[in-house]
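Each residue of the sequence shown is one higher than the last, beginning at 29 in my numbering.
Everything labelled a hint here was simulated from the structure, so no lab data went into it.
For each residue, glycine too, the CB sits at the ideal point set by N, CA and C.
Fair warning: there could be bad hints in the mix.
[Unchecked claim] Ranges between beta-carbon positions, derived for each pair:
| no. | residue 1 | residue 2 | range |
| --- | --- | --- | --- |
| 1 | D56 | L35 | 12 to 22 Å |
| 2 | A110 | L62 | 33 to 43 Å |
| 3 | V208 | W293 | 25 to 35 Å |
| 4 | G168 | A106 | 15 to 25 Å |
| 5 | A160 | E221 | 18 to 28 Å |
| 6 | G169 | D277 | 47 to 57 Å |
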Amino acid sequence: MTDRTALIAYVRRGTPRPFYYANAHEKDRVPVDLQPMPVRDARAIGAQVDREGFQLVRHRSIVTDWTDRAALEAIHRAEVAALIKELTGADDVFVTSPGILRYSEKSGKAGSSDNSHPARFVHVDINDATAAQFAERGAGGRAFTRCAAYNLWRALSPPPQDVPLAFCDIRSVAADDLIVADAIFDPPDGAPEWSFESWVVGHNPAHQWYFFADMTADEAVLFKTNDSDPTRAHCVPHVAFDDPLAPADAPPRISIEMRATAYWWA
29 MTDRTALIAY VRRGTPRPFY YANAHEKDRV PVDLQPMPVR DARAIGAQVD REGFQLVRHR
89 SIVTDWTDRA ALEAIHRAEV AALIKELTGA DDVFVTSPGI LRYSEKSGKA GSSDNSHPAR
149 FVHVDINDAT AAQFAERGAG GRAFTRCAAY NLWRALSPPP QDVPLAFCDI RSVAADDLIV
209 ADAIFDPPDG APEWSFESWV VGHNPAHQWY FFADMTADEA VLFKTNDSDP TRAHCVPHVA
269 FDDPLAPADA PPRISIEMRA TAYWWA
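Could you build all of it, start to finish, from the sequences and the hints given here?
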C-alpha cells in the first residue's frame, strides 16, 4: 500500500483551554491547525501496542448486527475483554463502554446517534489525571501494580475506508505537544452533561503517523490511551483523516470503538 501525505487536524497552540462536545460540535472551542503530514501504512512495520502504542489484531466477532445494543452488551463486551486479556496478559479487563458507532460524513449518519461523529482533531481520550481517577474508581479499593486503558477500533464498512483512523507513534511525541482539554458529554436524551480532562495535540513536524489500509471485518486496531507503566508506550494521539488516495466511490466509513481498562493486581 502506497504511503500518502494527508491533512492532519492538529489544535493550535497558545489558545484558551480547548473543550469539545460528544454531540454539539458547534459549541466546541478547538482551533484547528491543518498540517500536511506523511501517513504511512502500519502493516509494513509490525507495530506493537507496548512500543508504538498500537497494533493490528485478527479477531472474528460473532456479532452480526452492530446496531443491536443488546448484542453488543451481551456478546461483544465479553469478546473484547477476553481478547485484550489474551494480548496483554492482564489479570482482569473491564470493558467500560458497550460500543461507540461512528460514521463518516458521506454516510449521512454522522450525528445520527450519541457520539457518532468521526474524531476530526488529534486527541488522546484521557489525560493522566483522568486515567488515575478512572483507575482508582475501577479498582474498587484493590491494590494494583499496573493499570492500562485501551481502545479497540474496528472498521465495519468494507475497504477501502474513506476516513480511516491515523495513529501517532508515541515515541515521536514530545510532552509539550499534549494540551489539556475538556471532553464534555452531552447525552441526546437530555441527561445531565458530564466531563473529564483529555489531551488535544499541537503540531510537531517530528510526529510519525500511521494507519492500517483496507481493514476488513476480521481485523481491529488495539491502541492505548494510558498506561501506568513508564517503561511501555504511554498513550496514542489519533485522528480521523480524509484519505487522499481513497477512490471517489469508496464506501462511507462505519466503525465501532470499544474502551477497556486492564489491571495487574498487586
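Quick rundown of the hints versus the structure:
1. D56 x L35: 12 to 22 Å: Since the Cβ atoms of D56 and L35 sit about 18 Å apart, the hinted range of 12 to 22 Å holds.
2. A110 x L62: 33 to 43 Å: At roughly 40 Å between Cβ atoms, L62 and A110 fall inside 33 to 43 Å, so the hint holds.
3. V208 x W293: 25 to 35 Å: holds (30 Å)
4. G168 x A106: 15 to 25 Å: holds (20 Å)
5. A160 x E221: 18 to 28 Å: Since A160 and E221 have Cβ atoms about 22 Å apart, the given range 18 to 28 Å holds.
6. G169 x D277: 47 to 57 Å: At roughly 54 Å between Cβ atoms, D277 and G169 fall inside 47 to 57 Å, so the hint holds.
The structure fails none of the hints (numbered hints given earlier).
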